[in-house]
Each structure stands twice: as C-alpha cells, then as structure tokens.
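A.B. asks: Those protein sequence lines, which keep their order, are chains E, X, F and P. Per the working numbering, the very first residue in the first sequence carries number 8; after that it's consecutive. Per the working numbering, the very first residue in the second sequence carries number 8; after that it's consecutive. Per the working numbering, the very first residue in the third sequence carries number 8; after that it's consecutive. Per the working numbering, the very first residue in the fourth sequence carries number 8; after that it's consecutive.
Worth double-checking, as some hints may not be accurate.
Copies of the same chain look alike in the list, so a pair counts if it fits in one copy or across any two.
Straight-line Cα separation of at most 25 Å, DMTMM-like style, residue types lysine to aspartate or glutamate; simulated pairs [what the hints assert, rightly or not]:
| id | residue 1 | residue 2 |
| --- | --- | --- |
| 1 | Lys238 | Glu181 |
| 2 | Lys60 | Asp236 |
| 3 | Lys297 | Glu187 |
| 4 | Lys238 | Asp255 |
| 5 | Lys76 | Asp236 |
| 6 | Lys242 | Asp111 |
| 7 | Lys242 | Glu181 |
| 8 | Lys297 | Asp111 |
| 9 | Lys149 | Glu80 |
| 10 | Lys121 | Glu142 |
| 11 | Lys76 | Glu265 |
| 12 | Lys238 | Glu179 |
| 13 | Lys238 | Asp91 |
| 14 | Lys124 | Glu77 |
Since the hints were made in silico from the structure, they are not lab data.
Protein chains: 4
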Amino acid sequence: MAALFRGSRNLLKRWNKNVDLALVSSRSMASKTQVGFVGLGNMGNPMAKNLLKHGYPIIATDVFPESCKELQELGAQILDSPADVADKADRIITMLPSSPNVVDVYTGPNGILKKVKKGSLLIDSSTIDPSVSKEMAAAAEKMGAVFMDAPVSGGVGAASSGNLTFMVGGAEEEFTAAKELLSCMGANVVYCGQVGTGQSAKICNNMLLAIGMIGTAETMNLGIRLGLDPKLLAKILNMSSGRCWSSDTYNPVPGVMEGVPSGNNYQGGFGTTLMAKDLGLAQNTATNTKTPVPLGSLAHQIYRMMCARGYAGKDFSSVFQFLREEEGQ
Amino acid sequence: MAALFRGSRNLLKRWNKNVDLALVSSRSMASKTQVGFVGLGNMGNPMAKNLLKHGYPIIATDVFPESCKELQELGAQILDSPADVADKADRIITMLPSSPNVVDVYTGPNGILKKVKKGSLLIDSSTIDPSVSKEMAAAAEKMGAVFMDAPVSGGVGAASSGNLTFMVGGAEEEFTAAKELLSCMGANVVYCGQVGTGQSAKICNNMLLAIGMIGTAETMNLGIRLGLDPKLLAKILNMSSGRCWSSDTYNPVPGVMEGVPSGNNYQGGFGTTLMAKDLGLAQNTATNTKTPVPLGSLAHQIYRMMCARGYAGKDFSSVFQFLREEEGQ
Amino acid sequence: MAALFRGSRNLLKRWNKNVDLALVSSRSMASKTQVGFVGLGNMGNPMAKNLLKHGYPIIATDVFPESCKELQELGAQILDSPADVADKADRIITMLPSSPNVVDVYTGPNGILKKVKKGSLLIDSSTIDPSVSKEMAAAAEKMGAVFMDAPVSGGVGAASSGNLTFMVGGAEEEFTAAKELLSCMGANVVYCGQVGTGQSAKICNNMLLAIGMIGTAETMNLGIRLGLDPKLLAKILNMSSGRCWSSDTYNPVPGVMEGVPSGNNYQGGFGTTLMAKDLGLAQNTATNTKTPVPLGSLAHQIYRMMCARGYAGKDFSSVFQFLREEEGQ
Amino acid sequence: MAALFRGSRNLLKRWNKNVDLALVSSRSMASKTQVGFVGLGNMGNPMAKNLLKHGYPIIATDVFPESCKELQELGAQILDSPADVADKADRIITMLPSSPNVVDVYTGPNGILKKVKKGSLLIDSSTIDPSVSKEMAAAAEKMGAVFMDAPVSGGVGAASSGNLTFMVGGAEEEFTAAKELLSCMGANVVYCGQVGTGQSAKICNNMLLAIGMIGTAETMNLGIRLGLDPKLLAKILNMSSGRCWSSDTYNPVPGVMEGVPSGNNYQGGFGTTLMAKDLGLAQNTATNTKTPVPLGSLAHQIYRMMCARGYAGKDFSSVFQFLREEEGQ
C-alpha cells in the first residue's frame, strides 16, 4: 500500500516535471525487480549481499573482475560496465573509494549516465565531496534520472550485519524509495536535506570524531603521565563533561576496554588513511565555505603526519600510540 | 561504628608514623565537631552552607570580610586568618581561585600551617597545578598534618544543591575521613590516587571538555554552512561516533537545546576565563611532563584569544559565536 | 636577433608538434604588435598601462565596462568579450580574481579559447589553484595555443611602478616570449618549471609569509608583555635566527618601523581576505598532495577567524592587533 | 680609564643604596682579578677557556668533577661547590642546563648565596624561565649582591670561537661591568632591560626561530610535491616575502645549502630536545602572561612529538624529515 501511495505521489511530481510517466511508475511499483550495484569492494560486497538476502535480484559490476566472483556465485548477474548496469536496472547503488571514481562511474565513457533510463533512482553511498554529489545530481537530472547521496556510518562489520547508518541527501519525495533499499543494508536511514547534505552530515560527524579521538588520546596520555590509572581516568571522564564516543565506546588506550582496536594492536577498525581522507574532505568544504575549523584542521594535519610516519594502515585510535612514546625510546 | 573503625585504622597507621596518637583519635572520632572553611566565594559559600546543613559547626575566614556575612548569620564563627582557623579546627576545607592563593593560605605568614594541629585533615578543593598540591602536602606532612586535593566538577548550581563531583588525591587511608565531609557537598566523591591526582583528573577532564566544545562548535558551524539544519545535525551526531557531552548535553548552538547557556546569550555557565585558566594548568602539566597535547594546546590558545576578543565573561560554549560570524559582517 | 633565434627554436619545436608553422612565426616575430589584456581591476589596470608605455598596442576587455575607461582614453581598444580579444591578438594576458573567473574567461561561452588563434601565447597572472592552471593549459593545447601561469608578487604599488615579480610556469621554450611582455610590468621574471609551478611558487611563498607574520606578531606581543621594548626586541630578532621578512621589513607592531601598514592603522597593504584566499589555495594543494602543513593550516584558520572578526579589509599584519588585546578590555 | 670611571659611577649609585662602599669598589676596579665559573658543560667549558685566554684567573666548579679536568690543566682553580667559589670570587658566571639547576646553584645548601660577598656580580648565562631569574635576583639583592641574566645565542662553535651573542637583563648601571666579562666570550652583548628581559629576548627569538623553521620545512616540502626544484624554490622564497633565517641561512632541505646540518643527516647543530625545552619556556611565559601564541604553541607540540618519535638528538631542522615521508613508506 505504501509503495502504491508513494508511486502515485511520485506520479504527480513527475507529471509536473514533464517526465515520462510510464517509466517512472514502472520503476517505483515493481519494488523487488532488479537492483544495480557498482563497486564491490570491502564495503560494497556485503552491502550487495544484504540486498540479495532481501530478495532483490542484483546486477553488478566492478573494475576488478575478481571482486565480482563471490556475488556471482550467490546469483548476481555481472556486467562489464556501469553503462551496461544502467541499461538493465532502474535503481542503482554505487559504493566507490573517492570523488574521481564517482565522477568516472557516472559521467565517464562507460558511465551510468551513458545508458541511464529516464526515471531511474541512482544512490551513491561513497564518501565524497558534497560539491561532486551536486554535480552528479545535476548531470543525472539532465538525463531525467534522480541522484541521491547516501554515505554510510559504520565499517565492514556493520555492512555485513546490515547495521549501517545511511545519511541521505536529495529530493525529499524520493526518500521513501531510497529507504526501501537502504533499510535492507542499514539499521538507520536518516534524511538530511537536499543533495549533498548526506555527505555533509557524514563529513561533519567524522571531523568531530577525529577531534574527539585525538583529544581523548592526548588527555589519557597526559593523565597517565600525571600518575592516574587509565581505567580510572576513563571512568571519571565518562561520568563527567569530558565524555565522548572515543572515551566511552572506542577508548584508544590498550587495556581500558575490550573488543576495540586498541586492545588488538590497532588492527582492524577504521584506518588512519581513511580518516585522513575524510578530514581532507572536511577541510575542502570548510575552505570553500570560508568556515574556520581550527581543531578539525589540526586533526587533519595530525592524521596526515601519522600516514607519513607508518600509521596509514592502523586503526585511527592509534593516535594514542603516535603521541605516547617517551622521549629517547 | 564506621567512624570508630576508621579511627582505629588511622590509629594504627599513625602509630607506625610515630604521630601523636591522642590528637589523631580526637580528630577522627568527633565527626560532628567543627570544620574550618577558608574561601567563601561563589563556590565556597554554598559549599560551607551545605556543611552547616549537615550539622557541622563552621569556623570560616575569607580575605573579603563581606563574603563572610551570610555564613555568619547562619551561625558560622568568623575568624581573622587561616592560621586562626587552624588553631581551632582540625579538619579544614579550602576553596580558592588559584595556585598563589593556595600557597599563601597554607604557607603564608598567617597561613594554616602556622598553627595547624598535629593530625589535622586539610582538604583543598581549589583547581590548581598538581605540583603545588604536592608541595602543600609535603609542607603539611612536616607539620604532622594530612593534605588532600579534592577539586570539584560542577558549577555554582551544583555547589548549592550539593551535587558537585569531587576528585580526590591523597593517602588512601584518609579517603574515608575526607569523604565524610565531601559527601555533604557533592553527589560523587571519587578517589583518584596519590596527592595531586585529583587535580590531574580535573585538569584532564576539562582539557577534553574544551576540545569537545570547540570541536562541536566548529562542526555545527560547518554543517550549517553546508546547508544542514542544526537540530538535525545535532541529532545525527548524537546517534553517531561524533557524539560528546558538548553535542548532546550542552550544545553551543542557540536553539538546539533548552536550558543551556547557548539559549541564553551565553550568560551563566562556565566562563571562558575559567576555561582558559584550566587549560593553562593543563598546558603547564603537559609541558612539565613533556607530553604532546596538540589539540589541548590549540584549545588553550583559542580560549586565550577569546578572552582577548571580549568573550572573557561569557560561557565557554560561546566559542560557537566566536567562530560563526560571516565575513564582512 | 634574439627574437629571431627564439623564433627558429620555436619553429623546430612546432614542427615536431605538427602545429601550423606560419601562425607561430607570425606571432613571435612581430613583437610590438597588439597584446590582449583581460581583467582591468586594481592590478590589471596599472599592468596594462605599463604595456602601453612600452609601446604595445592594447586590446582589452573587462566584465565591468567602467574599468576600461581609463585605458581606453590612453589609446587601448576595448572589446566586448575575451573571445573577441582572442580573435584579434595572439598574445593575451589575463589578471583575474580567482579560479572560477579564470575558467570562465578561458573556457566559457565567450571565452578566449572560443576564438583563439593557433600558436597564441596566453599568460595568466591571476593567483589560482595550480591544478586549474594545468587544466587551462591542456584546454589551450587542444586549440593549438600555449598557456603559461605567471602569478605576481607585489601589490598595486609594484604594479604601477613596474616592479612586480612574476613566477612563471609553462613550456621552457616559450619563457623568452613571455618574459618580453612580463618584463615591461615587473622587475623580476623567474622561470619556475612546467605549467602550474608559477602558482605553486607563489602559494608556497605566501604560506611561509603568513606563518612568518603571525609568528612575528605573537612573538612581539609576548616580548612586550614580558617587559621588552618593541623596537629593541625587533632589533634583537633581526640580528638573530628569529629574523624574517615580517620582522625586518614589514613589522606588524605600530611604531617599530616607518612606512608600513602597522604605522597607518593597518590601512593599505595586502588585505587579510586575500591572504586567507591564498592560504586556502595552499591548503587545497597540500590536501590534494597529502602534504602535512601544520603551521600553514593553522595560519589559514587564524586568517579565516580574523575575516570573521572584522579584519577582512585590514592589512594582514593586523594579526598583531587581533592577538594583542588585553583580557577585559 | 673606563674601568675607573665606571667604578666611580658605581660608587655614587652604591652610596645612594647605602651599600658597603669599600667592597664594591674593590670588585669593580680590579678587573683582571679572579672570576668564578659554575657549570663546565659543552657550553661552559669553552666559555671559561675564553675568559682564561683574556687573562682572567678562573675559579670553577661543576657537579661532574671530570668536567673540570681540562680547565684545571689550563690553570683554573677547581673548588668543591658554588658556595666555595663565591667565597673567593666576587664576579661569577653560571652556565647550567635548566631552572632547577640554577635554583640549586644559587639558593641550595652549598649555593652561591650561602657565601656570596657583598657587592658581587652574578651573571647567569643559562636559558631558564625569566620568573626564576627574577627570583634569583631578589634573593641575591637580599645578600647585597647583583644578579643579571645573560643567556646566549649561538652553539658550541660560537662558544669556542668567542662569537656568542649575550642578551643581558638587569640593572643598567651594572651592564658595563657585565659586558667587560661577556665580551671576552661573545661578539655581541646586548642590553635588554630589567632582570629577566635577557631570558625573555632569548625565548622570543627561539620561538620565532622554531616557527620559521617548521614553516620553511612544510613550505619546501609542499613546493617539492608540487613539482618545484628545492634550490629554485629556496631562491624564490629568499628574494620574496617568505624569506627567513631558516630559509636563507639554515635551510632544512638536504642539498639546498652547504655547511648546515641538513647536509649532514641533521647531525650537530641545535638539538630538537633543546628546542623543545625553549619552546616549553616560551609556552610557560605565554601562559603566565595570558598571551595567545597559537603558532608558538603548535611549534612546541610538534617538537615535543618529534622528541617522542626518535628525533630528540637530531638538529631541529630535521622537522623537514619528520614531515616529508611519503604515505606508505
């Protein structure tokens, strides 16, 4: 019922926009028809699997053919290019490493927009510059398609268990259609506003996360040097105004918490390189909007220095290790 | 019973230290005998009142005689100097603005240590450099007295309602005696370790608090400029890894939360000057222990610049206002 | 003779590139034929005048027609668009505020490249992102034209007196041709390397300049508060290892030097907004190349905060004023 | 003649201060009588030798007796303690590692002030907190002696060749007497103002030096990554407004200059640990005077991090190496 109703709402909207009616209704009313998926990396792979589990036939592609094998064995159809996917599916999800990949997958010579069907819904879950999301949305609109940005919070584990959080930007009347798919892959699907705001929300969160993590690391380190027991200090912070996610859920000091990367030599988790990348995006958007972000900017520099000092592959909480060494050791 | 037991534990400890036995037992067994209080400012005044309410006779002093009036009317005895207080009371609480005041009140010509009784318990609730706490403890020990540092978390409101948190450093065997008094003034009394660790915990918390607050302010500002609704952004951060006390309990953006200084033009709360002072203490301890605190250091500089730009008297969450202005406005 | 020789060198180069020979030689051998000029703002206007003085007929355009009046009265021919200029002149200089303007002037619907002649020499003296310079060079090359970046050091005064420094990036064999024109407007013309390196050199210099200026301001301020006479402190720094251009040539403390903006309430000079813009470019290039620039990044944030606090229009040495205020004043 | 004249000036001054006249004139008129020297480390040793070369008999001491051997062989008299030195010499120079050493050497149980003669001139060339210099001066004044701070600029090489720069704080009327000795060890002796201002000038210079060095390192690194030749970039900076001592005299990039530590794997020169120490002093004085020093503060943190990452013993220009590594290397 809801799908039908949404269908008719879309119908009215499309009418006003003079978009081909038949195509739109065909997309929106056939909710378990095939879904395209471009980008089957560490994140994309488990995300696509969760769509399969929910009964959606998958048509996928990736630049590395070997990435497609597992999904193919599970029944997904593998095609050669994003353009081919767009030729078959009118709902497509993309999950790519960075802005240039997104630009290429959408607007490149074999890109989605080369063969996109009118009325298609294109959802990009990559974390990229919001201004690129806006460009892709404009390019899609010219082809009669709808582009939404829907970056995720949560790592490979959350992708596998279907517990990602999606932050979604784009036309509000398309949100229900997007949510139908995204809720197969995530526990939370939050509408953030116009195109690009999903990215903006993601970038803002990760900037504050980085600040909180470095702040927690240097605070714990200072407390330890001043003679405080690290577990006790964490307990005090967590019942006080210094509390943050990095102190109470993901503490960077080995031995303070169980089940976090600090307890496992900073293996796994969210890599320093990825954090540096997200902070670069935050810095770019701040520079473009002339917004002062003094701590975010310094956090960016610190993660950049860490990448240069051999921490690129470690979890981002390894900033504690980066800062803690005693002089002369 | 508990007091008696504690008394006998102390008795044994004192015996080993060859301290006069009679004096110690006289202090610890007479738990509702008079308590000295030095420093009746915005914080000290309501703290002393809470001790009065709990039935402790108060003997107090302050450099500003007018600060003593209210307490005198409530029945406290007012004396001329800390030395005079120490002559009458063997349990004394001090609540002073900064390190030099503490040094003067304890070791100055009319200071507590001039007339302190053997076995006295001296509790300093000022926020000062932990190295000064250690100096005071050493000086007190020479006179046969016990010094503990017990700085507070919580402002004037918490002081009035008896809901402060005390972070206590000093000999563990004296903690019960200290807690007896401190629990009249606070909801939480946490033992942190040897002398100075109370200060260290306080300073660590406030450094991380400052980092979280500035980080929240710049993140919210960036998100708003990127087109996000501030309430929505706060909601997203608070369900994600960017969450911290400053985002979920004390949000610095006007209109996001009720009952916080950002909703009242940054009146009340915890002043920028006080935060700058605490960050100065954090910086000093970090410099002395050769601990890198890059974000804490920059936070210090930002609050210092704010003091110079007219924000000294505003709540420390006004850093949002400091950062948000549009160019040319 | 030199021009002829250069012409024949170019000839060989062009031959290899299969470019139309006749056009190239016609451009390079007729050195006092007309020169196009796009962008007659505060800088472009005196620069174009200096070309006129050196006997070059000028064909110019600007989005603001009134900017063209003065030059027109001096004999320049004013056209409607950059495309029209490119239709008449095969050597064109552009001087524009920022990257989007450059993109528009070169590649827009009425842009230079719409009507550029084969073999034309296009010199952009705007300060922009080096990656945009590279894009423009690639676009020009497709049209058979040569693009060079040649940003300037020096302000309106140096532009008027012909004392600018040009930092030039582009094909080395074109440098002599570029220098012929640029040396009419500047005292120094430095070849920096391939396209974009002129911008890179400019950006690097201004980043270090900003760091040196803020560093000088905070050092002078600290010294003054510690009781040092500012003139004496400047003298000591300038004979020691703290010496830099901002301390010895452009001191930010009023009264230390004559003839600099600090002596004139920070009027004139190089505006804080412009410095913030250049630091934004430095930040962007650093982020893109994953280069840590901790002080450059913080300098950017400080100038950004200054813009937000009312310093946008003052000389960038006003950072001394921004930092110096006493608490409570 | 000059010495006599100065003697009579001092005479008048002392008269006004009611200080014992005979003692003063005996000190000041016998200029080649013995000079005390406390602290014969890497710096103190060559400094004392230069005094010997100029004909001053030396009475010296050091906590490490082996440090005294070389000087003893050259004819110096070695005593057991600073107090013993003060008992024999009325002009004493001290050169010690840090504030606590200075406090101990002056006010400790075997300190100078235990046996100092009235009218003695005590010159401390250590680099310490100016507030400690003031304390020492006050303590010396109580004993009828004069204390001046005279920290040096220049390393072991300058100490050996007698080319140090002395920045002198203290009573102006004593400056000539101090200069008589200091000019045997240094090429420049600059009077800075009241006690402590020598330290202040030294600290200010080194803070700006650190800022300039890190700024130069990150600027050069950025330029290199943007494709500029390092020698060319240095040349451009040095003829432009980015110029500073670190770019034109002590460039941190290997291969740009001869005869600097960057050309010798950052051996020798001014160690990162020492720079971190001086920046700690700058931070302390800034915190105490509530002066914002954002770049100085970040420079401090960066040198602190370098100490923790294995750069403690390298020249401070190794910050270029610290920042330059490519990701993944």
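A.B. asks: Hint by hint, note whether the structure agrees.
C.D. replies: Now for the hints, and whether the structure bears them out:
1. Lys238 <-> Glu181: Cα proximity of Lys238 and Glu181: across copies only (22 Å, versus 47 Å in one copy).
2. Lys60 <-> Asp236: Result: close neither inside a copy nor across copies, 47 Å intra and 35 Å inter.
3. Lys297 <-> Glu187: neither (37 Å within a copy, 38 Å between copies)
4. Lys238 <-> Asp255: both (11 Å within a copy, 23 Å between copies)
5. Lys76 <-> Asp236: For Lys76 and Asp236, the Cα distance exceeds 25 Å both inside one copy (50 Å) and across copies (42 Å).
6. Lys242 <-> Asp111: Intra 48 Å, inter 34 Å, cutoff 25 Å: neither.
7. Lys242 <-> Glu181: Only across copies: Lys242 and Glu181 sit 22 Å apart there, 44 Å inside one copy, limit 25 Å.
8. Lys297 <-> Asp111: between (28 Å within a copy, 22 Å between copies)
9. Lys149 <-> Glu80: Answer is neither; intra-copy 36 Å and inter-copy 46 Å both fail.
10. Lys121 <-> Glu142: both (16 Å within a copy, 24 Å between copies)
11. Lys76 <-> Glu265: neither (35 Å within a copy, 54 Å between copies)
12. Lys238 <-> Glu179: Intra 46 Å, inter 18 Å, cutoff 25 Å: inter-copy only.
13. Lys238 <-> Asp91: Neither way: Lys238 and Asp91 sit 55 Å apart in one copy and 41 Å across, limit 25 Å.
14. Lys124 <-> Glu77: neither (28 Å within a copy, 55 Å between copies)
Hints 2, 3, 5, 6, 9, 11, 13 and 14, counting from the list given before, are not met by this structure.
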